[in-house]
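Model the full structure from these sequences, guided by the hints.
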Amino acid sequence: DAGVIQSPRHEVTEMGQEVTLRCKPISGHNSLFWYRQTMMRGLELLIYFNNNVPIDDSGMPEDRFSAKMPNASFSTLKIQPSEPRDSAVYFCASTRTGTNEKLFFGSGTQLSVL
Amino acid sequence: AQTVTQSQPEMSVQEAETVTLSCTYDTSESDYYLFWYKQPPSRQMILVIRQEAYKQQNATENRFSVNFQKAAKSFSLKISDSQLGDAAMYFCAYRSRDGGSQGNLIFGKGTKLSVKP
Chain A
1 DAGVIQSPRH
11 EVTEMGQEVT
21 LRCKPISGHN
31 SLFWYRQTMM
41 RGLELLIYFN
51 NNVPIDDSGM
61 PEDRFSAKMP
71 NASFSTLKIQ
81 PSEPRDSAVY
91 FCASTRTGTN
101 EKLFFGSGTQ
111 LSVL
Chain B
115 AQTVTQSQPE
125 MSVQEAETVT
135 LSCTYDTSES
145 DYYLFWYKQP
155 PSRQMILVIR
165 QEAYKQQNAT
175 ENRFSVNFQK
185 AAKSFSLKIS
195 DSQLGDAAMY
205 FCAYRSRDGG
215 SQGNLIFGKG
225 TKLSVKP
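Quick mapping for you: the protein sequence lines, in order, are chains A and B.
Quick note on numbering: the numbering used here labels position 17 of the first sequence as 17, and the sequence is numbered without any gaps.
With the second sequence counted from 1, adding 114 to any position gets you the numbering used here.
Calculated directly from the structure, the hints in this document are not laboratory data.
As the structure is a prediction and not an experimental result, all values here were calculated from the model.
Some clues are possibly wrong.
The calculated lysine-lysine pairs, modelled on DSBU-like cross-linking and capped at a C-alpha distance of 35 angstroms, are [stated by the list, open to error]:
{"no.": "1", "chain 1": "B", "residue 1": "169", "chain 2": "A", "residue 2": "24"}
{"no.": "2", "chain 1": "B", "residue 1": "226", "chain 2": "A", "residue 2": "24"}
{"no.": "3", "chain 1": "B", "residue 1": "223", "chain 2": "A", "residue 2": "102"}
{"no.": "4", "chain 1": "B", "residue 1": "187", "chain 2": "A", "residue 2": "102"}
{"no.": "5", "chain 1": "A", "residue 1": "102", "chain 2": "B", "residue 2": "184"}
Now the in silico label distances, taken between C-beta atoms and shown as ranges [what the hints assert, rightly or not]:
{"no.": "6", "chain 1": "B", "residue 1": "125", "chain 2": "A", "residue 2": "81", "range": "23 to 31 angstroms"}
{"no.": "7", "chain 1": "A", "residue 1": "38", "chain 2": "B", "residue 2": "161", "range": "19 to 27 angstroms"}
{"no.": "8", "chain 1": "B", "residue 1": "131", "chain 2": "A", "residue 2": "71", "range": "46 to 54 angstroms"}
{"no.": "9", "chain 1": "A", "residue 1": "78", "chain 2": "B", "residue 2": "178", "range": "34 to 42 angstroms"}
{"no.": "10", "chain 1": "B", "residue 1": "178", "chain 2": "A", "residue 2": "40", "range": "24 to 32 angstroms"}
{"no.": "11", "chain 1": "A", "residue 1": "28", "chain 2": "B", "residue 2": "160", "range": "15 to 23 angstroms"}
{"no.": "12", "chain 1": "A", "residue 1": "78", "chain 2": "B", "residue 2": "183", "range": "38 to 46 angstroms"}
{"no.": "13", "chain 1": "A", "residue 1": "80", "chain 2": "B", "residue 2": "175", "range": "41 to 49 angstroms"}
{"no.": "14", "chain 1": "B", "residue 1": "119", "chain 2": "A", "residue 2": "38", "range": "15 to 23 angstroms"}
{"no.": "15", "chain 1": "B", "residue 1": "230", "chain 2": "A", "residue 2": "80", "range": "39 to 47 angstroms"}
{"no.": "16", "chain 1": "B", "residue 1": "125", "chain 2": "A", "residue 2": "18", "range": "36 to 44 angstroms"}
{"no.": "17", "chain 1": "B", "residue 1": "170", "chain 2": "A", "residue 2": "66", "range": "43 to 51 angstroms"}
Glycine included, every Cβ here is placed at the ideal spot set by N, Cα and C.
This is how it looks when you write it as structure tokens:
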């Protein structure tokens, strides 16, 4: 299995631009999570999906952030417009609900908003 | 809501020595999972060890072991015979066992471990 695949690995953009981060979960996993990691706040859950349905988006900072999961094998996290304070590492993770399986993480996307 | 606290922002150990990283958590649940994840400079989150709360026996994985004290809500990680490759950020994490959380992990702020040759 290829694991959780995230793209791009690095993204540098200018303030005000739209940014789209992508994630492919492990096949067979039905829960998908987006986390954000910063020095100040550590790892924070932004949103998670179960069976492609958003379950809890209370961690999404504001309306500039949106996430979709159109099918079981793909999810996006979009920031529009981006701001310098959005600079962080964004992780996607997946697991199979109802088991004691660990959360499998992607390699993360390092986002820098100038 | 559950919380996870790692009180040591940084720790240092001599190669081949033993080091213990602390973690405490707060929950009203009786059944849950606890994890230690390692994050090296590569950024990849790597599961080190997992403990199920209903199991009294402490989990071990080669040089890594935990001291799980359920009543005290404490979950420390012991690394024996430390190696240079153990240098990384270590995160303690909590996961509810009930269906409502859908597997979400709650993380501590992390402990940065340095290994001196």
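Results of checking the hints against the structure:
{"no.": "1", "hint": "169(B) - 24(A)", "in the structure": "holds (33 angstroms)"}
{"no.": "2", "hint": "226(B) - 24(A)", "in the structure": "holds (29 angstroms)"}
{"no.": "3", "hint": "223(B) - 102(A)", "in the structure": "holds (19 angstroms)"}
{"no.": "4", "hint": "187(B) - 102(A)", "in the structure": "holds (21 angstroms)"}
{"no.": "5", "hint": "102(A) - 184(B)", "in the structure": "holds (20 angstroms)"}
{"no.": "6", "hint": "125(B) - 81(A): 23 to 31 angstroms", "in the structure": "violated (40 angstroms)"}
{"no.": "7", "hint": "38(A) - 161(B): 19 to 27 angstroms", "in the structure": "holds (22 angstroms)"}
{"no.": "8", "hint": "131(B) - 71(A): 46 to 54 angstroms", "in the structure": "holds (49 angstroms)"}
{"no.": "9", "hint": "78(A) - 178(B): 34 to 42 angstroms", "in the structure": "holds (38 angstroms)"}
{"no.": "10", "hint": "178(B) - 40(A): 24 to 32 angstroms", "in the structure": "holds (28 angstroms)"}
{"no.": "11", "hint": "28(A) - 160(B): 15 to 23 angstroms", "in the structure": "holds (21 angstroms)"}
{"no.": "12", "hint": "78(A) - 183(B): 38 to 46 angstroms", "in the structure": "holds (43 angstroms)"}
{"no.": "13", "hint": "80(A) - 175(B): 41 to 49 angstroms", "in the structure": "holds (43 angstroms)"}
{"no.": "14", "hint": "119(B) - 38(A): 15 to 23 angstroms", "in the structure": "holds (18 angstroms)"}
{"no.": "15", "hint": "230(B) - 80(A): 39 to 47 angstroms", "in the structure": "holds (46 angstroms)"}
{"no.": "16", "hint": "125(B) - 18(A): 36 to 44 angstroms", "in the structure": "holds (41 angstroms)"}
{"no.": "17", "hint": "170(B) - 66(A): 43 to 51 angstroms", "in the structure": "holds (44 angstroms)"}
Of the numbered hints listed earlier, the single one contradicted by the structure is hint 6.
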